[in-house]
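2 protein chains.
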Amino acid sequence: MSKGKQTRQRIVAEAASLFNRRGYHGSSLQDLMEATGLEKGGIYRHFSSKEELAALAFDHAWNEALEARQHGIDHISNNADKLKQFITNFARRRPSIPGGCPLLNTAVDSDDGNPLLRDHARKALKSWQERMESMIADGIKARHIRAGVDARKLANVIIASLEGALMISRLERNDEVLHEAQEHLHAYIEAEVRTPNKRK
Amino acid sequence: MSKGKQTRQRIVAEAASLFNRRGYHGSSLQDLMEATGLEKGGIYRHFSSKEELAALAFDHAWNEALEARQHGIDHISNNADKLKQFITNFARRRPSIPGGCPLLNTAVDSDDGNPLLRDHARKALKSWQERMESMIADGIKARHIRAGVDARKLANVIIASLEGALMISRLERNDEVLHEAQEHLHAYIEAEVRTPNKRK
Numbered sequence: 001m002s003k004g005k006q007t008r009q010r011i012v013a014e015a016a017s018l019f020n021r022r023g024y025h026g027s028s029l030q031d032l033m034e035a036t037g038l039e040k041g042g043i044y045r046h047f048s049s050k051e052e053l054a055a056l057a058f059d060h061a062w063n064e065a066l067e068a069r070q071h072g073i074d075h076i077s078n079n080a081d082k083l084k085q086f087i088t089n090f091a092r093r094r095p096s097i098p099g100g101c102p103l104l105n106t107a108v109d110s111d112d113g114n115p116l117l118r119d120h121a122r123k124a125l126k127s128w129q130e131r132m133e134s135m136i137a138d139g140i141k142a143r144h145i146r147a148g149v150d151a152r153k154l155a156n157v158i159i160a161s162l163e164g165a166l167m168i169s170r171l172e173r174n175d176e177v178l179h180e181a182q183e184h185l186h187a188y189i190e191a192e193v194r195t196p197n198k199r200k
Numbered sequence: 201m202s203k204g205k206q207t208r209q210r211i212v213a214e215a216a217s218l219f220n221r222r223g224y225h226g227s228s229l230q231d232l233m234e235a236t237g238l239e240k241g242g243i244y245r246h247f248s249s250k251e252e253l254a255a256l257a258f259d260h261a262w263n264e265a266l267e268a269r270q271h272g273i274d275h276i277s278n279n280a281d282k283l284k285q286f287i288t289n290f291a292r293r294r295p296s297i298p299g300g301c302p303l304l305n306t307a308v309d310s311d312d313g314n315p316l317l318r319d320h321a322r323k324a325l326k327s328w329q330e331r332m333e334s335m336i337a338d339g340i341k342a343r344h345i346r347a348g349v350d351a352r353k354l355a356n357v358i359i360a361s362l363e364g365a366l367m368i369s370r371l372e373r374n375d376e377v378l379h380e381a382q383e384h385l386h387a388y389i390e391a392e393v394r395t396p397n398k399r400k
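Keeping their order, the protein sequence lines are chains A and B. Here the first sequence is numbered in the numbering used here, starting from 1 and rising by one per residue. Here the second sequence is numbered in the numbering used here, starting from 201 and rising by one per residue.
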């Protein structure tokens, strides 16, 4: 990788941490210069605008968050258990970028303006929904998940419950509500989603 | 009410609409001057700082949101139905202050700084949780709600699901996910919360 590309990636990673904690408007050029140790010209020669940098920083933070949430999922064969692992990861594993969920932060930060950033957040949500939906649809095909389950609705119930619980936990500076959301969703999956084991 | 007090309240109401849409850092003094038609001195003679004004603006927006969410609840006698009405109000009634839920916005906006604003959001959440909890606890006493229901956990499940669904709906600019969260929570209340009617 060229030195220019390395610098660009380093700026994106530092900006991801800054924007995810302080938000788009709360992160100044001065903050970026301090975080990266670069001058204004050294930062903005790589990006056309603050908005472009923020959108790339969001993508970086989002990929880190997804990686934490998908930890160990590929090794699980039953998709009801995959859903449960995803939920556990969300509640228990902290992504490497501080400041909470990049999607929640950016959705709130950009919903009344900032179209490029909002567009990246919207695409991240869509790809997350689709990923969860196909996990559920594949589980129905494999008969691990009940045929009557609406994949899209269940995906949204899981995402909404976890994101809302994270908001509460961050405001309370205490993970209890997040852990309770995990228990609640796990119980829901056992009661209403997983195909009952007839041998039991 | 004195003219000074009237002006102060008008500034708080205009600031509530501004801060709730654009966030604390995204709302400039210039924006406030345009929204109120006042000069800097005319605004800040009433408040000690931007942070104080933002905290009062949050309280104003939060009271408006709570009022919309509690619409018609006092006329309902069964507390399982009160919970359902609260959920319906959250999903269907838009508060008078634009920009989404003030609690969600302010929680995200203030969680890595701004202690006064964060403190107001934390207290708003606590009072909301307690209000829902006593609605559930009273329902258990009146035998409208099952004795085994954990009031605190259920309150948090409802709050988290609705706030998370609102985040998704605002990002999608479409209320479908919010309406689905309403249906999901209503079904959950019928299946797991309401005392079964033995005469049925």
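Take the hints with a grain of salt, since some may be wrong.
As the list claims (entries may be wrong) - Result set (SDA-like, lysine to any residue): computed pairs, CA atoms no more than 25 Å apart in a straight line:
hint	chain 1	residue 1	chain 2	residue 2
1	A	LYS84	B	ARG208
2	A	LYS50	A	HIS25
3	B	LYS353	A	ARG94
4	B	LYS323	A	ARG173
5	B	LYS353	A	TYR188
6	B	LYS205	B	LEU316
7	B	LYS240	B	ARG208
8	B	LYS240	A	SER28
9	B	LYS205	B	GLY237
10	B	LYS341	B	ALA391
11	A	LYS153	B	ARG293
12	A	LYS123	A	ASN63
Just so you know, the hints here were simulated from the structure itself, not pulled from any lab data. Keep in mind it's a predicted model, so treat the numbers as computed, not measured.
Quick rundown of the hints versus the structure:
no. : hint                   : verdict
1   : LYS84/A with ARG208/B  : violated (51 Å)
2   : LYS50/A with HIS25/A   : holds (10 Å)
3   : LYS353/B with ARG94/A  : holds (23 Å)
4   : LYS323/B with ARG173/A : holds (13 Å)
5   : LYS353/B with TYR188/A : holds (14 Å)
6   : LYS205/B with LEU316/B : holds (22 Å)
7   : LYS240/B with ARG208/B : holds (13 Å)
8   : LYS240/B with SER28/A  : holds (23 Å)
9   : LYS205/B with GLY237/B : holds (16 Å)
10  : LYS341/B with ALA391/B : holds (19 Å)
11  : LYS153/A with ARG293/B : holds (22 Å)
12  : LYS123/A with ASN63/A  : holds (12 Å)
The structure does not agree with numbered hint 1 stated previously, though it agrees with all others.
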